[in-house]
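Asker: These protein sequence lines are chains A and B, in that order. Quick note: to get my numbering, add 12 to the position in the first sequence (first position is 1). FYI, my numbering numbers position 78 of the second sequence as 69, with every residue one higher than the one before it.
No wet-lab data here; the hints were simulated from the structure. We put the beta carbon where it would ideally sit given N, CA and C, even for glycine. One should not assume that every hint holds.
Claimed, not checked - Here are the in silico distance ranges between beta carbons for each label pair:
# : chain 1 : residue 1 : chain 2 : residue 2 : range
1 : A       : K276      : B       : V56       : 39 to 47 Å
2 : A       : K146      : B       : M93       : 22 to 30 Å
3 : A       : D58       : B       : L41       : 37 to 45 Å
4 : B       : V1        : A       : D58       : 53 to 61 Å
5 : A       : A128      : B       : T72       : 50 to 58 Å
6 : A       : N209      : B       : N69       : 51 to 59 Å
7 : A       : G248      : B       : N54       : 45 to 53 Å
8 : B       : M93       : A       : D58       : 50 to 58 Å
Unchecked claim - Chain A regions said to be covered by chain B (calculated; three or more residues, Cβ under 8 Å):
#  : stretch
9  : 43 to 56
10 : 88 to 96
11 : 105 to 114
12 : 155 to 162
13 : 282 to 288
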Amino acid sequence: MKFVRILFILVLVGFALTAFAAAPADKKAKTIDELVKMYDSSSCKDCHAEIYGEWNKSLHARSIFGPAEVGRTAATFKTTIEVGLKDWPGSGVKKPEDVGVKHLMLCAKCHLPQLAEAEDSVAQEIVKNIYAFKETDDQAAMTLQKLNINCRVCHQRNAIVHKWTDGNPAKDAVYGSKDGEHPAPDFPKMKTSKVMNESILCGQCHGQGPNFEFENPTQCATLYGSYNFAYIPEGGTETCQECHMKKSKLGHNMQSYRSKEMAKAAVEMRVDAQAYQWRDVATTTPAASVQVELRNNAGHAIPDG
Amino acid sequence: MTAKTNDGKVFYQGEKIYMPIPQQMGRGDKMGRGPYEKSGLLRDTSLPPLRTVVEKFNIPVYNEVTKDGKLSRDIIANDFTIDVELWYLPYGKKNDEGNAQMWQKVTKKLSIAKGGK
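Okay, chain A solo, but in the shape it has when bound (with noise of 0.2 Å):
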């Protein structure tokens, strides 16, 4: 009877750890393809169509890979591995093979935050997409567009900043305005993020300056720091949502200095011209004066980096 009582144990135990080794939460991506179905988003157009589609016309649906026309975001992280990681001694980088999660995180800290949830082969797998890329619609491409910020990102992984305070997370949960329940399989829950409308959610991402985390720190956006310690202190008041998402009437096609709407919004131009001639005795010099006042209106400095 003893035996039996801790055999039935064991296997208790047994299927305890079973579950945990296959909880979503500690399982690490090996392909693109599943971190791609770990932060698969897809589903969310079924009842969000208009959302999904606005999110899919900005940047933040192709992160890794850049603006549509040119995938400039993919050329500077190659630039980053043959300029940076293949030069610093330290890096243990040596040829494009090399490059693992934690080289890539120089940038996907911000471009792909998931990829901390994933195995070097998955840095590997976007290195060779990166370096075979040649064309915008090419399969390399393609790949690279598959890697996103998308609603997962902002809506779960990111919603919540203070986790001491605030508790990590939950993976069945979308973070919005609101409690409640959420009619979808996978998320059958609703709560609310305290940061959902503030701007320090953007400013996870949109940054301070040097990243002091990484060994070798780098920096990208300064756009936070620029709207703490300039936007702030000038007396402005609005959140970045305000003006990106609400004032621009974009919602989730967040857009920023690519965007003519929003460039136009951000900064007033006014020119003022006169031609005139100057006397000096018996020299005239014909000449004209052209004043430009150029008023930023943005929450940060323009451009930031």
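Add chain B to chain A, keeping to what the hints say.
Answerer: Just chain B, lined up with the frame of chain A:
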């Protein structure tokens, strides 16, 4: 900004650059370019939020020549055009399609009177 005659000949070009100038690896006097080598700032000429930046351009509309030992400033054109363009150049030059963005353009026609003493 450019000034040009009515037949399109540019006789003045001026440029102001607005951008943070990142420090390369947080040391020394050299600018860092890619995110992988940028850390900190050396200078910052970007357009500050909620402020107005004023630029003045003084355009000579003459060619300086010496005639019979006397300095003369011959007018280039009595009628000319100035174009002020505001560009966003995240990478490369103005002709880098897909990256360069012209945000705004203002054109003004100017005239200098003929004759008189």
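Asker: Let me make sure I understand: some of the numbered hints might not hold for this structure. Which ones are they, in numerical order?
Answerer: 8, 9, 11 and 12
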